[in-house]
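Q: Sequence:
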Amino acid sequence: MIISTELKSHFLRLYQIAFSDDNFDVLEMQMLYKFAEERGLTKEQLNEILLNPSHDSTIPETLELRVEYLYDLAFMIWADGEVTDDEYITLKKYCKKFEFLDENITELADFLLKSAKEGISKEEIIRDINS
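Here the sequence shown stands for residues 959 to 1089, where the numbers follow my numbering.
Errors might be hidden in some of the hints.
As a list, the in silico DMTMM-like pairs of lysine to aspartate or glutamate whose alpha-carbon atoms are at most 25 Å apart [said to hold, decoys possible]: (1) LYS1075 <-> GLU1065; (2) LYS1054 <-> GLU1082; (3) LYS1072 <-> ASP1086; (4) LYS1050 <-> ASP983; (5) LYS1054 <-> GLU1076; (6) LYS1051 <-> GLU1040; (7) LYS1055 <-> GLU1065; (8) LYS1054 <-> GLU1065; (9) LYS1055 <-> GLU1081; (10) LYS1001 <-> ASP980; (11) LYS1054 <-> ASP1014; (12) LYS1072 <-> GLU1022; (13) LYS1055 <-> ASP979; (14) LYS1054 <-> ASP1068; (15) LYS992 <-> GLU1082; (16) LYS1080 <-> ASP1068; (17) LYS1080 <-> GLU964; (18) LYS1080 <-> GLU1040; (19) LYS1050 <-> GLU964; (20) LYS1075 <-> ASP1060; (21) LYS992 <-> ASP1014; (22) LYS992 <-> ASP979; (23) LYS1072 <-> GLU1057; (24) LYS1051 <-> ASP979; (25) LYS1051 <-> ASP1014; (26) LYS1050 <-> ASP1086; (27) LYS1075 <-> GLU1022; (28) LYS1075 <-> GLU995; (29) LYS1080 <-> GLU1022; (30) LYS1051 <-> GLU1026; (31) LYS1051 <-> GLU1061; (32) LYS1054 <-> ASP1044; (33) LYS1051 <-> GLU1065; (34) LYS1055 <-> ASP1014.
No lab work stands behind these hints: they were computed from the structure.
Given the sequences, and given the hints that come with them, work out the whole structure.
A: Structure, rendered in structure tokens:
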């Protein structure tokens, strides 16, 4: 299986958000492997992405995929049960990088974090964003 630059970029962002609070929790690592499994990646493939990061970075093309990837980041932030200022700032930075309008970024980040805390499914989030 050839892993796209977009997917590699996503896992590197997840890894970065896990480290943004200076406390890489075992639950965050488990979540990384869970996300990899959901996307058909083996542990070895994920390890390769994390240990040999590519400096090519891309953002998802579709709104749905952008929201899905940002939602993964929100889930990763909640993995250790708390949201630090650094994690919140990092999530907002990625919302901006994913080309959401500046005036919507705080509201989007808050919505994603609240939804992740409540355990709402990705499908439901994407439906909400599209409606």
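Q: Against this structure, judge whether each hint is valid.
A: Taking the hints in turn, this is what the structure says about them:
no.: 1; hint: LYS1075 <-> GLU1065; in the structure: 15 Å, holds
no.: 2; hint: LYS1054 <-> GLU1082; in the structure: 22 Å, holds
no.: 3; hint: LYS1072 <-> ASP1086; in the structure: 13 Å, holds
no.: 4; hint: LYS1050 <-> ASP983; in the structure: 21 Å, holds
no.: 5; hint: LYS1054 <-> GLU1076; in the structure: 24 Å, holds
no.: 6; hint: LYS1051 <-> GLU1040; in the structure: 19 Å, holds
no.: 7; hint: LYS1055 <-> GLU1065; in the structure: 15 Å, holds
no.: 8; hint: LYS1054 <-> GLU1065; in the structure: 12 Å, holds
no.: 9; hint: LYS1055 <-> GLU1081; in the structure: 22 Å, holds
no.: 10; hint: LYS1001 <-> ASP980; in the structure: 23 Å, holds
no.: 11; hint: LYS1054 <-> ASP1014; in the structure: 18 Å, holds
no.: 12; hint: LYS1072 <-> GLU1022; in the structure: 18 Å, holds
no.: 13; hint: LYS1055 <-> ASP979; in the structure: 20 Å, holds
no.: 14; hint: LYS1054 <-> ASP1068; in the structure: 14 Å, holds
no.: 15; hint: LYS992 <-> GLU1082; in the structure: 19 Å, holds
no.: 16; hint: LYS1080 <-> ASP1068; in the structure: 15 Å, holds
no.: 17; hint: LYS1080 <-> GLU964; in the structure: 19 Å, holds
no.: 18; hint: LYS1080 <-> GLU1040; in the structure: 20 Å, holds
no.: 19; hint: LYS1050 <-> GLU964; in the structure: 19 Å, holds
no.: 20; hint: LYS1075 <-> ASP1060; in the structure: 24 Å, holds
no.: 21; hint: LYS992 <-> ASP1014; in the structure: 24 Å, holds
no.: 22; hint: LYS992 <-> ASP979; in the structure: 21 Å, holds
no.: 23; hint: LYS1072 <-> GLU1057; in the structure: 21 Å, holds
no.: 24; hint: LYS1051 <-> ASP979; in the structure: 15 Å, holds
no.: 25; hint: LYS1051 <-> ASP1014; in the structure: 18 Å, holds
no.: 26; hint: LYS1050 <-> ASP1086; in the structure: 19 Å, holds
no.: 27; hint: LYS1075 <-> GLU1022; in the structure: 20 Å, holds
no.: 28; hint: LYS1075 <-> GLU995; in the structure: 21 Å, holds
no.: 29; hint: LYS1080 <-> GLU1022; in the structure: 10 Å, holds
no.: 30; hint: LYS1051 <-> GLU1026; in the structure: 16 Å, holds
no.: 31; hint: LYS1051 <-> GLU1061; in the structure: 13 Å, holds
no.: 32; hint: LYS1054 <-> ASP1044; in the structure: 15 Å, holds
no.: 33; hint: LYS1051 <-> GLU1065; in the structure: 13 Å, holds
no.: 34; hint: LYS1055 <-> ASP1014; in the structure: 14 Å, holds
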